[in-house]
Amino acid sequence: MGSSQEIYRQDGSIVSRRIEDEVILVPIRQNVADLESIYTLNEVGALIWEEIDGQRTTAEILALTVEEFEVSEEEAQKDLTEFIEQLSSIGAITRV
Amino acid sequence: MECPHIPKISYGQFGKRLREKIAGKRVPLAGSLELTFRCNLRCVHCYLGDARAGIPGKNELSYGEICDLLDQTVDEGCLWLLLTGGEPLLRPDFLEIYTYAKKRGFLVTLFTNGTLITPQIADYLQEWRPFKVEISLYGRTKETYERVTGVPGSYERCLRGIELLLERGLPLRLKTVAITLNKHEIWAIKEYAEGLGANFYFDAMINAGLDGGGDPTKFRLAPEEVVQLDLGDAQRADELRDFCKRALRSPSKPEYSYLCGAGVHSFHIDTYGLLSVCIISRHRSHDLRRGSFHEGWQEFIPQVRYQRASDGSQCNQCELISLCGQCPGWAQLEHGDQEARVEFLCQVAHLRAETLGPPMWERSRTEASEATV
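Protein chains in written order, with numbering that gives the first Met the number 0: chain A, 0 to 95; chain B, 0 to 372.
Treat the hints as calculated values from the structure; they're not laboratory data.
Computed from a predicted model, the values in this text were never measured in an experiment.
Check each hint, because a few of them may be wrong.
Stated by the list, open to error - Just the calculated beta-carbon pair ranges, DEER-fashion:
#1 B:Glu254 to A:Ser71: 48 to 56 Å
#2 A:Val95 to B:Gln297: 27 to 35 Å
#3 A:Ser15 to B:Pro301: 48 to 56 Å
#4 A:Thr80 to B:Gln234: 47 to 55 Å
#5 A:Gly11 to B:Leu258: 37 to 45 Å
#6 A:Glu69 to B:Gly194: 57 to 65 Å
#7 A:Glu73 to B:Leu258: 51 to 59 Å
#8 B:Arg16 to A:Gly11: 48 to 56 Å
Even glycine gets a Cβ: it sits at the ideal position worked out from N, Cα and C.
The shape of chain A in the complex, shown without the other chains:
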């Protein structure tokens, strides 16, 4: 992740489901991720995933994360960067 003004959107090849308190990403089309597996998200990951809407910038998502989880901006930035990279690598999000 480079600029904090970058915007990402969820890719239609992966769908999220919330069942009880489990949030999962289900790959639904060929050429994304690993169709034999399922991806699970914790509460922080789930919040970030839901904020990736093709409109909010990563800076805005960072601010929301800091506010929601009462964590330092530096720590949140590091985690957000890694998470965005992971989501990109499995094809779950694409840059707008």
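Mind docking chain B on chain A? Use the hints.
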């Protein structure tokens, strides 16, 4: 802040974790949906009977109704969805329904006879990969297969369907019923499936027809033949031995008529929108064209699932009950009485206990019979 990493786990591991997490709660994790009763085959053992020609005056759920029902089940937590029939590929809108289910994030399993799979359908399934496809292969020769299905040419079409899926690396499981007409080819079918690298299983427990007709039961194997087949498959026999050991070590005294997960973590919807606890037990149902899935799941299903056995119920007192397939659904189909004993199931359960059960069971059985004398 907990690091928002993305653990990747297998579907099996996830399912186990989810079930453990919700233990004790009723959540409709798995549902089956019959897209049609109609079928292009006329299998002798089929429980749908005359309904396979369609039921005059009744309309199958439309595409719009199905999408609405799928939305409702998603809201209640359904993840595993089985699309079945009849033959689901007979519906001209099958791929639209399938795609909608995929886009809603269901893990979709498809039950099909395989005869209607075309290269185009196989390509589509490769693109929108199903969780699993199961095809029934009723024989390893044309003669036997078509004696079961009643349709000339269906054997070749089924094999072609299997080939089309395997060429595309789709997750395929082959299965068969074991009945009087094909019992001599069960191992040949297994060998064929395993040679293709596909999973395989067979089922000899043929239930009576939904219309009250007893025709399918004419093709049941004798209980001795069922157990012989169990013994003929080393893995199956070992699994049954383990199961017998566990079940007989601490015989359960069930509180309710239903002993399985039906209505607790699973449900069934037929092609006319009737919700029931499972695909076999549908003599009591909730009409989803008149009421919501939420009402059906929360209010109607528990009334069925948690009914108590009457004092006179023989089977719920039996120490083999957890080994036996006896359930209100089977009994209702066979005798029109949900507590009546299904003799076939009873005999198979006793024979399995005698043949595959632990020696301790044998001893206690002998002692009990001596005490009775």
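- Item | Non-conforming hints, listed in increasing numerical order | Result: hints 2, 3 and 8 break, sorted rising.
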